[in-house]
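Asks: Protein chains in written order, with the numbering used here: chain E, 1 to 284; chain H, 1 to 284.
Read the hints as simulated data drawn from the structure, not as lab findings. A hint or two may mislead.
In this list, chains with the same sequence are indistinguishable; a pair is considered to hold if it fits within one copy or across any two.
Calculated pairs, BS3-like style, for lysine-lysine (alpha carbon to alpha carbon, straight line, at most 27 Å) [unchecked claim]:
#1 Lys160 <-> Lys107
#2 Lys71 <-> Lys176
#3 Lys70 <-> Lys107
#4 Lys160 <-> Lys106
#5 Lys271 <-> Lys258
2 protein chains.
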Amino acid sequence: MSEIVYLNGSLIPRSQAQISALDYGFLYGYGLFETMRAYEGQVFRLDNHLRRLADSAEVLGLPIGTLDLKKAIMDTIQANQLSDARIRVAISLGEGETVPDPSTCKKPTVLILAGDYQPYPEEVYQKGFRVVVSSIHRNSGSPLSRLKSANYLDSLLARKEARTAGANEAICLNEKGFLAEASMSNIFLVTNGILRTPGQESGILPGITRETILELAPPLGINSLEDNIRLDELSQAQEAFLTNSLIEVMPLIEMDGKPVGSGTPGPLTQKLLTAYRELVRTGE
Amino acid sequence: MSEIVYLNGSLIPRSQAQISALDYGFLYGYGLFETMRAYEGQVFRLDNHLRRLADSAEVLGLPIGTLDLKKAIMDTIQANQLSDARIRVAISLGEGETVPDPSTCKKPTVLILAGDYQPYPEEVYQKGFRVVVSSIHRNSGSPLSRLKSANYLDSLLARKEARTAGANEAICLNEKGFLAEASMSNIFLVTNGILRTPGQESGILPGITRETILELAPPLGINSLEDNIRLDELSQAQEAFLTNSLIEVMPLIEMDGKPVGSGTPGPLTQKLLTAYRELVRTGE
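Chain E on its own, in the form it takes in the complex (with noise of 0.2 Å):
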């Protein structure tokens, strides 16, 4: 069966998905996206998600308010007889004119992407994550650094810096120095038994699943921050793990080739990944 997509309210086969040229996402990088996973047909935190991109729609200017995606998105599952999917929505400012204006553009552009997703298997977590340290930095000084935007090309730069390196991800600093995010996840680590994350001003794009993470946290006795943290600290960790929406809770076991925490997956991340699952199972 060919993949069909939902654009601008159709649902086509993703051969004829075009849109103009002169679309303002294609031009300028002037739009949003989502990354989420369903399990079963059911997408995790499908509202929470959706606040998101309204709220970062607000920011941009992005006029989406009368959309139902909600709707469009189940559509895209079904119309592909997905039930473990990864599912894109990309949303960008429209056709506008050639002189940049963003004035100029009078209906956003909706595009929903849903494949079959399929998951690492467990001895990647068993095993974990290896991450290299990027040569390039979070700018903490621009919006776009908490928006999921199309202004991601940092991120698949940093991202080949892992994969040339042999490694899974890429760690970013902010240019203060601090950690702020891996190109596409959070990093999460354990000092001293308190689990630490780098806080929004750390230009950090602020993920579901970490939002999830840091519920789940507390019921488990587990202390939290949101914090500035360097990356010797990271070096220096218990144990620490990458999240989003598809890898959920990934150990992260060595970085720039040297053990993190005890090299291999820790008791709360374990401990994390089991919630996590256990809340994915139940629903939200």
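Using the hints, position chain H against chain E.
Replies: Using the frame of chain E, we list chain H on its own:
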């Protein structure tokens, strides 16, 4: 006559210019552009623009080596019967798989837009531009700060700040607090008779017009320096100006409501504008 655009080898009406919604330019801002100005049908410093584009394409791994962009640009200008024109070349990595993987993009997307350019009237040059200092910082810690990439949203947001404040342009500092550039132009200023502009390490797009000004200065007996420049050095400058291919050399006479220099276009600015226009008139 309806506007003709060049898209992937064809000259077509703008309304028919469609690209795949899975273009990595649209999904991730994986692309580059150049803005140029043509005078009487001839693009000023076309070779310099194309060289920069080729250099940037190499950084991003965009395979544009075999494209005859020069011919494509001239064809687009002629198809639209233009004399004084603004030209924008946009090149993206092209269509790829839904799971982010640049290696799945097989062919770049090449778009050329050309439209009539109405220069600012002389009164504007005699009066000069007023600027505000943007809340958005440039990130010298990313390679993108030195490329004209499709990750251009920071610039549009900075320009919006200028518009909201009733100013012509917005000036961005880098993360260290030094001057970087304006939202769509480079900055020059004069201190103790020396022409100064932020250096490449300041997180700037080193513009072709900027490069031309740095070439023109010495024969005119003007010493120049690429430098780390503090904001207060701009407010205390003897004179200042902004450059890009379209505005050429535009006096900067006011910042955040306070005069820069005498609050009128300065003598070196006038001299360089005259020399630039003379160069344009005589060709490269």
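Asks: If any of the earlier hints don't hold here, list their numbers in rising order.
Replies: 2
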